[in-house]
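Trainee: Chains R and F, in that order, are what the protein sequence lines are. Residue numbers are given in this note's numbering: position 203 of the first sequence equals residue 209, and the series is strictly consecutive. Residue numbers are given in this note's numbering: position 170 of the second sequence equals residue 175, and the series is strictly consecutive.
Careful: at least some of the hints might be erroneous.
With a straight-line cut-off of 25 Å between C-alpha atoms, the simulated BS3-like cross-links for lysine-lysine are [as the list claims (entries may be wrong)]:
1. K183(F) / K301(R)
2. K375(F) / K352(F)
3. K375(F) / K275(F)
4. K87(R) / K213(F)
5. K468(F) / K376(F)
6. K301(R) / K396(F)
7. K450(F) / K275(R)
8. K350(F) / K422(F)
9. K396(F) / K275(R)
10. K375(F) / K87(R)
11. K183(F) / K225(F)
12. K140(R) / K149(F)
13. K138(R) / K376(F)
14. K301(R) / K165(F)
15. K468(F) / K417(F)
16. K165(F) / K140(R)
Selected chain F positions facing chain R (Cβ under 10 Å, derived; list incomplete) [what the hints assert, rightly or not]:
17. A362
18. T371
19. N377
20. R395
21. L397
22. N476
Hints were generated in silico from the structure; no laboratory data involved. Since this is a predicted model, take the numbers as computed values, not measurements. Glycine residues also receive a C-beta, built at the ideal position from the N, C-alpha and C atoms.
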Amino acid sequence: MNAQTQIGIPHEKRGGPPILSLLKANIREYAMYIALLVIFIVFGAATNGLFLSPRNLTDLINQTGYVAVLAVGMTIILIIKHIDLSVGYVAGFMGAVAAMLLSRGTHVLAVIPIILALGIVIGMYQGFLVAKVKVPAFVTTLAGMFIFRGCLSRVTTATGTIIVRDTVFRSFSNGFIPDWFHGNGIHILTLMIGVLGALAVAASQFRSRRNMRRYDFKVSSPSTFAGTLALSVALVIVVFWMLAHYKGLPWTAVIVGVVLLIYHFILSKTPLGRSVYAIGGNTEAAELSGVNVAKVTFLAFCSMSLLAALSGILYTSRMASATPTAGLGFEMDAIASSYIGGVSVSGGVGKVTNTLVGALVIISLTNGMNLMGVDISFQYMLKGAIFILAVAFDIISRRQA
Amino acid sequence: MHRKGDTARSEPPSARTEPSEWLLEMRGIVKMFRSVRALDNVCFAVKRGEIHCLVGENGAGKSTLMKILSGAHPYGSYEGDIFYQGRETRLNGAADSEKIGIAIIYQELAQFPELTVYENIFIGHELRDGGVINWNRTLVEASKLLERVRLKVNPRAKIKSLGVGKRQLIEIAKALSKNVKLLILDEPTAALNDDDSDNLLCLIRELKGQGVTCVMISHKLREVLAIADTITVLRDGVTVCSMDTRAGAVTESDLIRNMVGRSIDDIYPKRAQSQPGDVLFALRGWTVYDPMSEREILRNVSIDARKGEIVGLAGLMGAGRTELALSLFGNTPGYRLISGSLEFKGKLARFAHPRQAIDAGLAYVTEDRKKNGLVLIQDIRFNATLSALRKLTSGMIVNGNEEIRAAEGLKKALNIKAPSVFQVTGNLSGGNQQKTSLAKWIFAKPDLLILDEPTRGIDVGAKYEIYTLMNQLVEQGMSIIMISSELLEILGMSDRLYVMAEGRIVGETSARDASEQSIMSMATLSGRDDRTTHDQTREETA
C-alpha cells in the first residue's frame with residue numbers, strides 16, 4: 007500500500023500489451039531506473055569495467071552518502087513548495103565545527119549529538135523566518151548561504167584546513183561494518199544482510215501485489231511479475247556480493263539506510279507525512295482541513311538543517327578534514343537529486359526512496375566522468391543538461407497523465 | 006444618432022451591410038460547462054448610444070455572457086453568433102475585443118497598485134515614439150483623460166493610495182484611452198458608497214452623450230431603473246425579457262418578478278418536520294475588519310443555529326457570507342476581530358486555527374472545491390480522511406487498511422461515482438468532487454456544518470443527493486448553516502434564514518414566510534434609505 011503514487015491503473019483503462027501499459031502508467035518512475043542502468047552500462051564499457059568494480063562501487067556509495075542525506079531532507083522541502091539553498095554551507099560549517107571540537111579533544115560520542123543539535127538550531131532559525139515571519143524560503147536560505155559560508159570561514163580562518171585524526175569519526179565515511187565470521191576474503195555478514203535485504207524486497211513486492219489485487223487494481227501478468235521480482239532480487243544480491251568481495255558494507259550505507267527508513271516511514275505512514283503531501287498539493291485546502299501549515303513547515307526546515315549537519319559529518323569524515331570550501335555546490339546536487347528522483351516542480355509529489363536513486367544518478371555521473379578523466383567543466387555542463395532533461399520530461403509526462 | 010462604422014474591415018459574406026441601430030447583437034448563444042447549460046439560447050441586443058442594464062440572480066449567466074463578449078470564452082467554445090456593428094464577429098481573446106472597441110471593467114479591478122495612475126491608464130498600449138515610451142506625452146494624455154472622467158487626482162499618484170471609487174474611474178479612463186465604443190461594467194457600484202456611486206452613474210450618462218454605448222450589470226435595482234434606457238433580464242441562462250424604459254414605466258417589482266418568476270417544485274426533498282432543539286451556536290455583534298482591503302467586512306452580525314436545524318444565509322455575492330464563515334473557522338485570512346462573541350455548545354469559543362474549530366465540532370465546506378476544498382492531485386481516500394486522520398491513527402501510524410475501509414464507507418454513503426477510492430480527485434466530475442469534499446467533513450462528525458454554496462456548478466442529480474444527505478444529517482441532530490446565492494435552494498432547504506448585505510444581517514425570517522421577492526428586495530437593499538456608508542476606504546494621500 008503506497009500513499010503517494012497511484013499504483014497501477016484501474017481496470018477500465020486496461021488495453022494494449024500488459025507490460026507496455028504498466029510501463030506507460032509508471033513511466034516516470036521507470037525512466038529513472040533506465041537512466042541509471044544506461045549510466046552504469048556506458049561507464050562500465052568506457053572504463054573497461056573499472057566503474058563496476060567492487061572497489062569503485064564501494065567508493066560510489068561513500069560518495070553518495072553525504073548528498074543522499076541532504077537530498078532526503080530537500081525532498082520534503084521541495085514537496086511543500088519551498089527551497090533551501092543554505093544546506094551546502096550549513097553542512098560545511100557543521101563539519102568544520104565537528105573537526106574543531108575533535109581537534110580540541112572532545113569525545114566523538116559527544117561531538118555527534120552536539121553537531122546534530124546545532125543543526126536543529128539552525129533549522130529552527132530558518133524555519134521560524136519562513137513559517138512564522140513568512141519570509142520566502144528562497145530569500146531566507148540565500149541569506150543563510152551568506153551567513154553560514156561566513157561562519158565556515160570564521161571557524162577555519164585561524165587553522166586553515168582542520169585535520170581529523172579520530173578513527174571512529176573517520177570510519178563513518180571510510181569504514182565498514184565488522185565481520186564477525188572471518189570469511190576467507192569474503193565478508194560473510196555483508197552477504198547475510200544482502201540475503202535478508204533480498205528477502206525483504208521480495209516480501210514487499212508480494213505484499214503490494216496482493217494489496218493491488220484486493221483493491222481491484224490491474225496487476226502485471228505472473229510472468230512479468232516473476233521477471234521484475236527476479237531482477238530486483240538479483241540486483242540486491244549482486245550489489246552485496248560485490249561489496250562482500252571488497253571490504254564489506256560501508257558504514258555510510260548503514261547511516262543512509264537508517265535515515266531513509268525513518269523518512270520513508272514518516273512520509274508514508276504518519277499523519278505528519280500526510281500533512282506534507284497535503285500542503286504540497288493544496289496549501290489552502292490543507293490549512294482549512296486542520297493541517298497546521300506553519301508548524302509542518304517549521305519542522306521541515308528543522309529536519310533539513312539536521313540532515314545538513316549529518317551530511318557535514320559524513321563529508322568531513324570522508325575527507326578526514328574540514329576545509330574552508332567544504333559544502334560548495336552541495337545544494338545543487340541535493341536539489342537535482344530530488345528532481346531527478348521525481349519530486350514534482352509544482353509540489354505535492356515525491357518519494358525519498360526515489361530521491362536516493364536520483365542521488366545515485368548524479369553521483370554516478372560525477373564518479374564515472376572522474377574515472378574517465380572528463381574535465382570538470384564538461385562534467386557541470388553534462389550534469390546540468392541531464393537535470394533539465396529529467397525535469398522537462400517529468401513535466402511533459404505529468405501533463406499527459 | 007448613428008455613428009460612422011469603421012470601414013477598414015472587409016465585409017464577411019453573411020453579414021448585413023446596412024449600419025443598423027444595433028451596435029451589438031448576440032443571437033442564440035449557448036454555453037456549456039461540462040454538462041451544465043450556463044447559457045441556453047440567449048439573445049442580447051444593444052442599440053448604439055444607449056445605456057443597457059443586464060440584471061438577473063447570481064448564476065443567471067450574466068458574467069458568462071460578458072465573458073463571451075470579452076473573448077475570455079473564445080469563439081468555438083460556445084454556439085451562436087455575435088454581430089458587432091453589423092458584422093459577424095469572432096473573438097479569440099481580450100486583445101480581439103479591445104481592437105474593435107469593446108472594453109470590460111470587472112468588479113475585481115485588474116490594476117497594478119504599485120504603479121502610478123498614468124502608468125496604469127496606458128499599460129499594455131503605451132504611447133511610443135519609435136520603440137521608446139514617451140512619458141511626457143503619456144502624462145499629458147493621462148491628464149486629459151482624467152479630466153474627461155472628472156477625476157481630480159495627481160496622475161503621478163500610486164494606484165494603491167486611491168479609494169476604490171477613484172480606481173473605478175481610472176479604469177474607465179483607461180477604456181477611453183483605447184477609444185472604447187462599447188463599455189461594459191460588471192457591478193461597478195457594488196463596492197462603492199453612495200456618493201461614489203452617484204458620481205459614477207453621472208459619468209456614465211455623460212459618456213452616453215459623447216457617444217459611448219454602455220452595458221452595466223448591477224444588482225442594485227434602483228440605480229438600474231434610474232439610469233437604464235433598456236433593461237434585459239436573464240434567468241437560468243435564458244433571456245426572459247428586454248424592456249425599454251422609455252416606452253413605459255418599469256417598476257422594481259416588474260424586475261424582481263422577471264428575475265425570479267418560478268415556483269418551487271419537487272427538487273427539494275422533504276424531511277420529517279421536527280422541533281429544532283437547543284441553541285447550539287450563537288454569534289453576537291460580530292464585527293470584523295480586513296486589513297487587506299482596509300475596510301470593515303462584517304458589522305454587528307448576530308445569528309443563531311439550533312440543533313437539528315438548517316439555517317440559510319442568503320445574499321448577493323460579496324455580501325460577506327464567506328468572510329463570516331472564514332472569520333469563525335480559524336480565521337485563516339487573518340482578519341482583525343473588532344468585537345463580538347461566539348457561543349458554541351454552551352461555551353464561549355474563539356478559534357485561532359481551523360484545527361481548533363474542527364476539534365470543537367465545527368466544519369466548513371468551502372465555496373470553491375478546487376481552490377481550497379480538495380487536494381486535487383491526491384485520491385479520494387487521501388482527501389476524505391484528511392480533516393480527521395487522527396481517528397485512524399494509533400501510536401504514530403495511520404492504519405492504512407482502516408483508512409481504506411473508512412473511505413470506501415464514505416464513498417458508498419455519499420454515492421461518489423468512481424472506480425475506487427484510489428481515484429485521483431482532479432479527474433472526478435464537479436458533483437463527485439463536491440461529494441468528496443463533503444465526505445471529508447462528514448467523516449469528522451461535526452456538530453455544526455457550514456456549507457458554502459454546496460451545489461454550485463453541479464448537475465441536478467448530484468444536487469438532489471446532496472439535499473437528501475443534508476436532510477439525513479439534520480435528522481441525526483447535526484446543525485447546518487447553508488450559504489447559498491440560489492434563492493430557491495435557500496427557500497427549499499432552510500428552516501429559517503438570514504439575509505446578508507454589505508457585511509450586515511438585513512433580515513431574518515422563517516423559510517415558510519419568505520418568498521424569493523422578499524429575500525431579493527432585502528438583499529439588494531431596495532427600500533432602505535437609512536444606509537450608512539460603511540466603505541471607509543483610505544483616500545488619496547499622494
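Trainee: If a hint holds in the structure, say so; if it doesn't, say that too.
Mentor: Hints and how they fare:
{"no.": "1", "hint": "K183(F) / K301(R)", "in the structure": "50 Å, violated"}
{"no.": "2", "hint": "K375(F) / K352(F)", "in the structure": "34 Å, violated"}
{"no.": "3", "hint": "K375(F) / K275(F)", "in the structure": "30 Å, violated"}
{"no.": "4", "hint": "K87(R) / K213(F)", "in the structure": "50 Å, violated"}
{"no.": "5", "hint": "K468(F) / K376(F)", "in the structure": "20 Å, holds"}
{"no.": "6", "hint": "K301(R) / K396(F)", "in the structure": "20 Å, holds"}
{"no.": "7", "hint": "K450(F) / K275(R)", "in the structure": "23 Å, holds"}
{"no.": "8", "hint": "K350(F) / K422(F)", "in the structure": "35 Å, violated"}
{"no.": "9", "hint": "K396(F) / K275(R)", "in the structure": "14 Å, holds"}
{"no.": "10", "hint": "K375(F) / K87(R)", "in the structure": "18 Å, holds"}
{"no.": "11", "hint": "K183(F) / K225(F)", "in the structure": "28 Å, violated"}
{"no.": "12", "hint": "K140(R) / K149(F)", "in the structure": "43 Å, violated"}
{"no.": "13", "hint": "K138(R) / K376(F)", "in the structure": "23 Å, holds"}
{"no.": "14", "hint": "K301(R) / K165(F)", "in the structure": "33 Å, violated"}
{"no.": "15", "hint": "K468(F) / K417(F)", "in the structure": "17 Å, holds"}
{"no.": "16", "hint": "K165(F) / K140(R)", "in the structure": "22 Å, holds"}
{"no.": "17", "hint": "A362", "in the structure": "8 Å, holds"}
{"no.": "18", "hint": "T371", "in the structure": "6 Å, holds"}
{"no.": "19", "hint": "N377", "in the structure": "4 Å, holds"}
{"no.": "20", "hint": "R395", "in the structure": "7 Å, holds"}
{"no.": "21", "hint": "L397", "in the structure": "9 Å, holds"}
{"no.": "22", "hint": "N476", "in the structure": "25 Å, violated"}
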